[in-house]
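Colleague: The chain contents come next:
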Amino acid sequence: MSVETGGLTAKVEETLATAPADHGGMSSALRRNLSSPWATALVVFIAVMWTIPTLGLLVTSLRPAADANSTGWWTAFGNPSFTLSNYSEVLNGGDTIPGGIAPYFINSFVISIPAAIIPLVLACMAAYALAWVPFRFSNAVFLAIFALQVVPLQMALLPLLKLFNLGWGLGSVTLIPPIKSLPILGSLASSGGGSFAPLWIAHTMFALPLAIFLIHNFISQLPKDLFEAARVDGASHFLIFTRLVLPLSVPAIASFAIFQFLWVWNDLLVGLTFAGGTVDVAPITVYLSNIQGTYGAQLHLVTAGAFIAIVVPLCVFFALQRFFVRGLLAGSVKG
Amino acid sequence: MNTASKLALMASVVLVFFGVLLLVLWLAGKSKGKWQTPLARLIFLGPAVVLVTVGLVVPALQTFLLSFKNAGGKKVVGFQNYAWIFTTPDNRTFLINTALWILITPIFSTALGLTLALLLDRMKRESLPKALIFMPMAISFVGASIIWNLVYQYRDPTVTDTQVGLLSAFVMKLGWANPPNWLLWQPWNNFLLMVIMIWIQTGFAMVVLSAAVKAIPTEITEAAMLDGATGWKLFQKVTVPMIRGTLVVVLTTIAIGVLKVFDIVRTMTNGNFGTQVVANEMYAQSFVQFDYGRGSALAVVLFVAVVPLIVYNVTQLRKEQSIR
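Chains A and B supply the protein sequences, listed in that same order. Each residue of the first sequence is one higher than the one before, counting from 1 in this note's numbering. Each residue of the second sequence is one higher than the one before, counting from 1 in this note's numbering.
No lab work stands behind these hints: they were computed from the structure. Quick caveat: nothing in here was measured; it's all calculated off a predicted structure. Hints may contain errors.
One side only, chain A facing chain B, incomplete, derived with CB under 10 angstroms [what the hints assert, rightly or not]: (1) Trp38; (2) Thr60; (3) Trp73; (4) Ala123; (5) Val173; (6) Pro178.
Note that the Cβ used here is the ideal one computed from N, Cα and C, for glycine as well.
Build the full structure now, drawing on both the sequences and the hints.
Modeller: Okay, structure coming up:
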C-alpha cells in the first residue's frame with residue numbers, strides 16, 4: 001500500500017537511491033567523454049551567482065556601521081576594514097536596537113527541539129500501529145491522515161488560536177480547556193503571559209500528517225518475518241516498538257528530525273500567530289521580520305541579525321547534507 | 001524568563017514527555033491476553049489521531065464555516081466574503097499577483113534546475129557547485145528576504161554617487177544612469193520578489209531533476225546517439241520524455257509552496273506598493289484587520305487552489321509507478 005501512495009517521497013527516495021550510480025561503471029566512462037569545459041564553466045558561474053547574495057550579507061555584517069550604510073559591500077575587498085561590533089550589538093542590544101537578538105535565538109532552540117522530537121515520537125508510534133497492528137479501518141485512517149497534508153496551515157490558524165486561548169466546549173460543558181488552565185502546560189507561561197506551549201502543540205499538530213506518512217512508508221517496508229518471529233516469541237507490541245522498530249527506523253527518523261527542526265527554526269507564520277512578538281517566547285524569525293521593518297535602514301545590524309539566524313541551518317546543511325537533502329525533499333510539500 | 005530557565009524548561013518538557021511515554025508503554029506492556037492488541041492500538045494511534053483531529057480537521061471545518069460569517073464571526077453573511085474577494089477592484093492586485101507567482105516562479109525554477117541538472121551530468125566534480133546552489137533552501141524565507149533586500153537597496157543617484165545595493169550598482173555600471181527604487185517600482189517589483197523564491201527553489205529542482213537525469217538508462221542515450229541524435233534533439237526526444245513525470249512533480253511542488261508563501265512579501269514590502277498576495281492578505285485580514293470572515297474565506301481560497309495541484313501531483317506519481 002505504501003508503495004502505491006508513496007507520493008513525492010517514494011519518487012525522491014528512488015531517485016536519490018540511484019544517484020550514486022554516477023560514480024562507477026559504464027555510465028561514468030560515458031560521462032567523462034561527455035564532460036565539457038563549457039558545462040563546467042557555466043555551472044561554476046551559476047554557483048557563484050547563487051552565492052554572491054549570501055556573501056554580501058556576511059560581508060556587510062562584518063563592516064563598520066558607517067561603511068556598511070554608505071558604500072557597497074563589494075568595496076570592502078579593495079579597502080578592508082572589518083569588525084565584530086555589529087554582532088555584539090545585535091546579540092546583546094545597544095544604542096540602536098535595545099534588547100538584542102540573543103533571547104530570540106534561545107527561544108528558537110527552545111521551540112524547535114521539542115517541536116521536532118515530540119511529533120516524531122508520536123508519528124513513529126502511529127505509523128507502527130497503522131503498519132503492523134492493523135484493524136478494519138487502518139487503511140482508511142492512513143489515507144485520511146495522508147489527505148490531511150492538503151490542508152494549508154492557514155486553514156487551521158484562527159480556530160486553533162481561539163482554542164488555545166479560550167478552550168472549547170458544548171454549552172457550559174468544557175471539553176477542551178484553554179492551555180493556561182491545563183495542569184502542567186498552563187503553569188509554563190512566563191510573567192509576560194507568553195508561553196511556549198501553544199507553539200510546541202501547534203507545530204506538533206501540523207507536523208503529524210507528513211511525519212506519519214513518511215515514517216509509515218519506511219516502517220511498512222521492514223521485513224514481515226521480523227515481527228512475526230518476535231510475536232511468536234511472545235514479545236509485546238510495546239517491546240517490539242522500542243527494541244525493534246525504533247532502532248531499525250533510524251534513517252527515516254534522522255531525515256525527518258532534521259527536516260522538522262529546520263522547518264520550525266525557519267517558520268514565521270506559526271511563530272507570528274502563536275507567540276506574538278514577545279521577547280519571552282517569539283522565535284528569531286519573528287524578531288528578524290520585525291527589525292527589518294523597524295531598523296531596515298541599519299544595514300550593518302539587520303545583516304548581522306540575519307546571519308545569526310541562518311548560521312544554524314547552514315551548519316546543519318553542511319554537516320548532514322545527505323540526510324538534509326533527503327528530509328527537505330521529502331517534506332517539500334509541507335506547510 | 002532568562003536563558004537558563006528557558007533551557008531548563010525545554011529539557012524538562014522533553015524529559016517529562018519521554019518519562020510519561022515510557023511509563024505508559026511499560027504499564028501497557030504488562031497487559032496480557034486479548035486486551036493487549038486493542039490497547040496497543042489505542043496507545044500508539046490515539047495521541048496522533050486526537051492531535052490531528054483537534055489541530056487540523058476541526059479547525060479546517062471551523063474556518064470553512066467562518067468564511068460564511070461576518071468580521072466578528074457572529075452573523076451569517078452567505079457568500080459575501082467570497083464576493084468581496086473576487087469583485088472588489090482593489091483585490092485584483094493580490095489575485096493577479098498570486099496568479100503571476102504561480103505561473104512564473106515554478107517555470108523559471110524548473111527550467112533553471114533542469115539546465116543545471118543537464119550541465120551537472122557533464123561535469124566531473126559536481127558536489128561543491130551543487131551544494132552552493134542548493135544552500136538557499138536551508139535559509140528561512142525571512143533570512144532570504146534580508147539577503148535580497150541588500151541586493152535591492154536603493155540610493156537616489158542624483159543625491160549620492162555611491163550605491164549600496166548590488167543591483168543598482170550593477171545596472172549603473174552597464175550604463176543605466178538613473179535606475180528606479182527597485183521595491184517601489186510597480187509592477188516590476190513583483191518579479192524582483194519572485195527572484196528570491198526562484199533563488200531558493202532552483203536548488204530543489206536541480207537536485208530532484210539531476211537524480212532523474214542520472215537515472216535514465218545509459219543504453220537508451222547511447223542508442224539514440226548511435227542513431228545520430230545529438231544536442232537539442234537528444235534533449236527533446238529522449239531526456240524530456242524520460243523525466244516528464246519528475247518534471248511535473250517538481251513544477252507542482254514548487255507551485256504549492258509558492259501559493260502558501262507569505263514570509264517574503266511580508267518581510268520585503270508587507271504587501272505594499274502593489275505586491276500583495278493571497279497568503280499575506282489572509283494574514284492581514286485575520287490578524288491585523290481582525291476580519292475573521294474575510295481571512296477565513298481567503299484561507300479557503302488557498303485550500304481550493306492547492307487541492308488540484310496536490311491531486312495532480314499524486315496521480316502523476318501513481319501513473320509513473322504503474323508504468324514501471
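Colleague: Now tell me, hint by hint, if it's right for this structure.
Modeller: Checked hints:
1. Trp38: 9 angstroms, holds
2. Thr60: 6 angstroms, holds
3. Trp73: 7 angstroms, holds
4. Ala123: 7 angstroms, holds
5. Val173: 16 angstroms, violated
6. Pro178: The hint is violated - proline 178 of chain A has no Cβ within 10 angstroms of chain B, the shortest such distance being about 13 angstroms.
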